[in-house]
Amino acid sequence: MKIFKSLLFWLFFVTPMTLGTLYYLKVASPQYEANAHFTIEKQGQGQSDPLGALTGLPGSVSSTRDALIVKDFIESREVIERTKQYFDINELYAREDKDFLSRLEQDSSIEDIVEYWQKKVNVEFDTTSGIVDLKVTAFEPESAVKVIKAILTASEDLVNTLSEKSRQDSLKFARQELKNAETKLKNARTDVRTFREKEQALSPEQSAESKLKLVEELEAERARAEADLRSLRLEFPDTSRKIIEAKNKVFSLKKQVNIERIRSTRITDSTDAKTMSSIISKHEELLTEQGFAEKSYEAALLNLEQSRIDATQQHRYLIVIVQPKLPEKPSKPKTPDDYIILFLASLLLWGLLGLIISSIRDHAGWM
Amino acid sequence: MIEFRNVNKAYDMANGQNIVLKNVNFKFPERKNIGVLGVNGAGKSTLLRLIAGSEYPDSGRIIRKGRYSWPLGFTGSFHPSLTGIENLRFACRIYNADIKYVTEYVKDFSEIGDYIYEPIKTYSSGMRSRLAFALSMAIDFEVYLVDEIMGVGDQGFQKKCKDAFAAKRENSSIIMVSHSMATIKEYSDVAILLTGDNLEIHDDVEQAIELYSAFTTAST
Amino acid sequence: MEFLNALNVQGRVISALTLRETRARYGNSKLGFFWALFEPFAHVVVFIGIFSALDRATPLGDSMGLFILTGIIPWLLYSNIVSNVTTGLSSNKALLGYPQVMPIDITISRVALEFSTLFLVMLFFLAIAHYMGIRIRIDSFLEMMKPTGLIILLGTGIGLINAAIIPHYPSYTSIFNAFSRPLYFISGIFFTANFLSPEVFEFVDFNPLIHLIEWFRSGYYPSFESDLYDPEYAVFICVGIFTLGLLVERLSSKKARQV
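Residue numbers (my numbering), protein chains in the order written: chain A, 81 to 447; chain B, 2 to 221; chain C, 2 to 260.
Bound-form chain A, shown alone:
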């Protein structure tokens, strides 16, 4: 029993402690950690969020979202592929001279590389300040800085692409609207022009009016002629030449008035029975349509302008607050912490196994 207990102790407490200590002292390759702080700013955000300034809550949902998008990006396979031009992950991490626990195995599959990458890269987002804290571990200080700079460049590209895309998207709609309004206006104007050309008048209302005026003038002339005739009758006999002339004038004027009256109710002499008023109402309709088209064109123009302003406000960009600096002291192995964890883990292993085994051994002695 005594032997058994000490065997357990040596096997599951002393051994892991010794192995762990050996690893930390002799095997573990030093690793350096570089870090950078950045934030994703949005133009015009300062004024538009007084609540955020008051409460210290995150500025807006979308800037939090942008930061989370970048965080997700940095932890993904995408970032490894996009930073390929700056460094070779295999060259930096898959190295025989580094310890077997912290290096990347050679010829790893891309899934394994991503998994390894996620261990080396640590992104934390602070919601109150909106600052993203990016940490990268590598075997040399220079490599850590190199990797972190590459990540920052790739992230900046991502933010710019995203920003440009959302800008284009919001402008695209406004532009489309404007284009539609333009076409509508053009069509309305063409309609009015064709109508007028077809009715052979610049303006149907105007021609009707002038015809009525003509009738009125003729009437007035006729009245004058009749008055003349009456005064001539007082001086001359009915058969005199002057009276006959005046009579003829009145008669022809009367005839003319009648003709013009009929004419004024018809736009042309053509045989179609369209009345003047229906032509006028059609014309008015076309004009109203043209008016509408003009108004909506103006609105679309304004909208595009507003969208342009909005789009500039939606412009997001990545600001690096703390540039990566060369680390001097290795961050790993972090000796006291590592020993505490090692101690706790060994204690747990030994305790658990010991407890389980002695729980079973309690049953010894009965057949």
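Everything hinted at is true.
In silico BS3-like cross-links for lysine-lysine, where the CA-CA straight-line distance does not exceed 30 Å:
| id | chain 1 | residue 1 | chain 2 | residue 2 |
| --- | --- | --- | --- | --- |
| 1 | B | Lys66 | A | Lys82 |
| 2 | B | Lys122 | C | Lys31 |
| 3 | A | Lys85 | B | Lys23 |
| 4 | B | Lys101 | C | Lys31 |
| 5 | A | Lys245 | A | Lys122 |
| 6 | B | Lys163 | B | Lys108 |
| 7 | B | Lys169 | B | Lys101 |
| 8 | B | Lys101 | C | Lys94 |
| 9 | A | Lys85 | B | Lys28 |
| 10 | B | Lys122 | C | Lys94 |
| 11 | B | Lys108 | C | Lys31 |
| 12 | A | Lys151 | C | Lys147 |
| 13 | A | Lys329 | A | Lys291 |
| 14 | A | Lys215 | A | Lys409 |
| 15 | A | Lys200 | C | Lys147 |
| 16 | B | Lys108 | C | Lys94 |
These are calculated hints, taken from the structure and not from any lab test.
Keeping the supplied structure of chain A fixed, place chains B and C upon it in accordance with the hints.
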């Protein structure tokens, strides 16, 4: 085989602690019927329960090998809301005994009839003891631990118990606690005297009884 | 040799106890298994009701019922194990009269029964869902079983600690209940941590159950990637609590035996 190594055992009483065993190293003789003698309150039943394993020493170890019964006459092992048959099956499973054989044996021996299908809590204490005794007879133990068993049931049943025991003695041994010197004399090959904090073995039962009698009269 | 013999005895004891527990729970009345099915069913129905009243879509997959089920089963596993282990000893004290029956065996048999029950319940509901035309697609059975194992360790550990404390401080029961009831609402049963704002998540992050339920769900749902659960934290907490529970049990079980 049962062996005590550095065993200490005491229990709390109203007026202080009662020490049963103090640093006891003791090897019980094998294949012998053992009678345990001791004054009232010396801890005979405690000793039996220590042997059975239903109580633990305060310190030290008890090494046990073989099929030891639970202390007979002690019926606390039955679960009150399970039926007799369910309790029986449970005991068979943990002792790896043949359920069918044990069921037949117990039905025949205990004389409790259809009560075996009723929950234990409906039993009288006599029925409980008879079931416990029958069960311990049905499961073959190497060593029977007996705590004043012979007072169970009527004359007829007591006779039956004695006969069953007599038959068992062929293959099994007994460790027994009893007030009755006659019973001890009848069943034991050796006697163990519980002296207050130690165990003393006497190969001669008669001599042990004499010593015990002297001891009790001296202390009273 | 001796160890193998002990293992054999313990195996017998545990199987006998498990049979006994099964009979005690499901043998005497049909109500036992009905309740085992009804409890998760009730939770699922209530939440489907609440969610449809709020006109909310299911956070994951295409069946609200399945979403709740994948949260409620681990939760019930945890809370049933805690309550079963806590009360296990007091309701089986008589059986400790058999010397080879150890208190830990009662715990193990109760946990085994609880696990098998909920396993069957889960299968039952998946079968029902399948018949209702809901597509069942389990991403990784192994990834579901890992958190399940940890939940068992966690529940057992807490139950053992409770069982050791309660005899000394009976009022502890109500304190424990007062603290553990709110856990229901912060364990991710009817939401996923991805929907929580980071501040809220930080607040519930200590709770190992939300990690385990998220883990369980990411094992079930092929599309679900919860980046908020931390397996190392969950393993450390669960194994730690379980070990502490075993230790406390060993220190107190000798007393538990004294009649």
